[in-house]
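Q: Same order as they appear, the protein sequences are chains A and B.
FYI, numbering that gives the first Met the number 0 numbers position 205 of the first sequence as 204, with every residue one higher than the one before it.
FYI, numbering that gives the first Met the number 0 numbers position 213 of the second sequence as 212, with every residue one higher than the one before it.
Keep in mind that the hints were calculated from the coordinates and are not lab data.
Note that the structure is predicted; figures quoted are calculated from it, not measured.
Careful: at least some of the hints might be erroneous.
As the list claims (entries may be wrong) - Capping the alpha-carbon separation at 20 Å, the derived lysine to aspartate or glutamate pairs in DMTMM-like fashion look like this: (1) A:Lys161 with A:Glu219; (2) A:Lys5 with B:Glu193; (3) B:Lys124 with B:Asp151; (4) B:Lys52 with A:Glu197.
To be verified - Some chain A residues near chain B, calculated using beta-carbon distances under 7 Å: (5) His76; (6) Thr81; (7) Gln109; (8) Met198; (9) Trp200; (10) Gly203; (11) Gln229; (12) Tyr230; (13) Pro234; (14) Trp239; (15) His240; (16) Ser273; (17) Tyr276; (18) Asp278; (19) Phe361; (20) Tyr408.
Ideal placement from N, C-alpha and C gives every residue a C-beta, glycine not left out.
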Amino acid sequence: MSENRKLIKIATAGSVDDGKSTLIGRLLYDTKSLTTDKIEAIERSSKQRGYDYLDFSLATDGLVAEREQGITIDVAHIYFNTAKTNFIVADTPGHVEYTRNMVTGASTSQVAIILIDARKGVIEQTYRHFFIANLLRISHVVVAINKMDLVDYDEEVYLKIKADFDALVAKSDFSEDQITFIPVSALKGENIARKSEEMPWYVGNTLLDHLEVLEPSDLEPSSVARFPVQYVIRPKTEAWHDFRGFSGMLYGGNLKVGDEVTLLPSLNTSKIKSIHYFDQEVQEASAGSSIAITLETEVDLSRGDMLVKSGELPASEKQISATICQVNNKALTVGKKYILQHGVNRVLAKVDQIESRIHTDFTGAEDAHSLKLNDIGRVHFRLSKPIHFDPYKTNKSNGSFILIDEAEYDTVSVGFIE
Amino acid sequence: MNNLLIPNPKEAESIHIIREVAAQFERPVLLFSGGKDSITLVRLAQKAFYPAKIPFPLLHVDTGHNFPETIEFRDKLVEELGLELIVRNVQDSIDQGKVREERGRYSSRNSLQTTTLLDAIEEFKFDACIGGARRDEEKARAKERVFSVRDDFGQWDEKNQRPELFDMLNGKIHNGQNVRCFPISNWTELDVWEYIKTENIEIPSIYFAHEREVFFRDGMIWTANEHVFREAHEEVEVRMVRFRTVGDMTCTAAVLSEAVSLEDVVGEIRLSTISERGARIDDKRSEAAMETRKKVGYF
């Protein structure tokens, strides 16, 4: 599948009127990813509404409710490809109340496109979007300064916005080379797939060219091997009588046959006997592989346990501190109990202390007693059993968790372990 | 022995999801239509549990208007892989008076499947239904979760979905609820075809160009046979066609094609300017057709 194409995952963030849907629609149109029946549907709808242009935002605004309101209300996933690259776009809405959606969309993305309306410049929303990109440690941020057609393609406007944004970058953990500024007009297609003749002062790549030169390997920070056991495969057939395969996805690093491994929580050690990928046996598996592993010795290992290379042990703690983003209407309060899901492992967690609510505009934090929907805060938990984690800063998959409401089973929070 | 495994990220993600289904639920089932997406799911499930067998049955909700080629293919696949197959018939739901057969020009049993499916879920107490829906198919599907919780009535509440963060899947549910699980959510139609080609997966013959009796209506090519309502003036002709999506005969339009091999088909898809669901008559009913059906429990 897509043998020669790389996969790039992008989250988009912008305020309601920044033209985000138009930008995505334009990317789809310019990469010929919109089929004739979809273009016809857009033409029909645009005409019905009395527009004298093609409203590309109609390509992505999905549900009846939002078509009626003309806004995007949830994360939508959009796919397009060029000859070299497969793209997945998590289109996340930019309302004040929808921090949750951007966190969700950004959690599966390597790149964030933050849209700024050239007429409005850097606004409170921009702070929030960039704050989330920073919190989730997105690898690369593209700042698309949109609606340049409405400011006469003026370089001064672009430079002013860039300078304002650079001041934000200075407050973040990002380095300058992780941020790219591109002046565009999504409506007119300027600097999207086509180099704009209206802005000769801009010498950089078009948005699409820029996205195409990104390399997935540069976007995934390297980390050590973590192998959470997902499911134990026991065929119990004659041919595979004694087979016990520990299946799961390998996060970070690599694992080889013969590697000395430590099993958590037991701290038992063993050696990798074989690595299976369907009916093939491989000598070595690299990060991101869904595999099954057998061990040299009989060990006690089940779902939720973790296999790591000996000498590369993660932290094992019953008390953890994390930055929490509340993604549900129900508030997080001190003393409340949750099911904490860390990867595929579940333990019980109790909120020990809410230390603070963090301002999402880089202005610090304040005391808090609860965290409401879309709040971000620092929280201390006590767990029923230790979890085996790495700080989110060094390992995204092994440093994040979700909280599940004990009664309703909804996903109520996402946490980033310190 | 191969030296180093470099994963295909979409395949690895799908296998991860399928293993989560098996681990988190008591009674999962794979919804099998005989179409390319559900055939791809079967291959992915084989990969997820090899050398063990797939630890859940297949459920086919048969409208009675399926292409015979699809049914033959289904039975052969199940036999070869030693899978358990459950078939439930829309005809039975009609006979029991639970649903009424549509009549007239655009009549189809497609939307009637929902009742039969929900009854089967209740009968077998399935708590997870694995389906081959993809987010690129249709705009309401673009917002679908990988694990989508349905209430006792099978209903989808798009405003009250659980957010899905990173690759952590929350399948915790109450009695009576069930979850629709979509392992190939992030695949595109081209991904599926390229995968079928790379993996050399067998698919029903109707996906390849063949001669068929068809008639033209509303710019679409309809299969001419006793299940499909046809006006007297709609003339039947024999053309070289193939299907891009395989549903019920009454709601699946053919495309003119000369593609006789997987290579040809992939080439055709790459150049195609009509979306796959553009050949789905059921979606043409209104702009919000899919969303409306999903809300009442359509898969």
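Q: Next, verify each hint and record whether it holds.
A: Hints, verified against the model:
1. Only pairs whose Cα atoms come within 20 Å are accepted, and Lys161 (chain A) paired with Glu219 (chain A) is rejected, the gap being roughly 26 Å.
2. Restraint check for Lys5 (chain A) and Glu193 (chain B): satisfied, since their Cα atoms lie roughly 14 Å apart, inside the 20 Å limit.
3. Between Lys124 (chain B) and Asp151 (chain B), the direct Cα distance comes to roughly 11 Å. Compliance with the 20 Å bound is thereby established for this hinted pair.
4. For the proposed pair Lys52 (chain B) and Glu197 (chain A), the alpha carbon gap of about 61 Å is over 20 Å, so the pair is violated.
5. A hinted interface residue such as His76 (chain A) counts as satisfied when its beta carbon comes closer than 7 Å to some beta carbon of chain B; here the least separation is about 5 Å, so the hint holds.
6. Because the closest C-beta pair between Thr81 (chain A) and chain B is about 12 Å apart, greater than 7 Å, the hint is violated.
7. The beta carbon of Gln109 (chain A) is not positioned within 7 Å of any beta carbon in chain B (closest approach about 11 Å), and the interface hint is therefore violated.
8. The restraint placing Met198 (chain A) at the interface with chain B is violated, with a minimum CB-CB distance near 31 Å, outside the 7 Å limit.
9. Nearest Cβ of chain B to the Cβ of Trp200 (chain A): about 37 Å, over the 7 Å cut. The hint is violated.
10. Interface restraint check for Gly203 (chain A): the shortest CB-CB distance to chain B comes to about 28 Å, outside 7 Å, so the restraint is violated.
11. For Gln229 (chain A), the interface hint holds, the least distance from its beta-carbon to any beta-carbon of chain B being 5 Å, beneath 7 Å.
12. Here the hint on Tyr230 (chain A) is kept, as its CB sits about 5 Å from the closest CB of chain B, short of 7 Å.
13. With a least beta-carbon distance of about 4 Å to chain B, the hint placing Pro234 (chain A) at the interface is held under the 7 Å criterion.
14. Given hint, Trp239 (chain A) at the interface with chain B, holds; its Cβ is 5 Å from that chain's nearest Cβ, closer than 7 Å.
15. At about 11 Å, the closest approach between the beta carbon of His240 (chain A) and any beta carbon in chain B exceeds 7 Å, and the interface hint on this residue is violated.
16. Of the supplied interface hints, the one on Ser273 (chain A) is violated, with its beta-carbon coming no nearer than about 9 Å to a beta-carbon of chain B, more than 7 Å.
17. Residue-level restraint check for Tyr276 (chain A) holds (minimum Cβ-Cβ distance to chain B is 5 Å; threshold 7 Å).
18. Interface restraint check: Asp278 (chain A) against chain B, minimum CB-CB distance 6 Å, threshold 7 Å, status holds.
19. Taken as an interface hint, Phe361 (chain A) does not check out: its beta carbon lies about 23 Å from the nearest beta carbon of chain B, beyond 7 Å.
20. Interface restraint check for Tyr408 (chain A): the shortest CB-CB distance to chain B comes to about 4 Å, inside 7 Å, so the restraint holds.
When held up to the earlier numbered hints, the structure conflicts with 1, 4, 6, 7, 8, 9, 10, 15, 16, 19 and fits the remainder.
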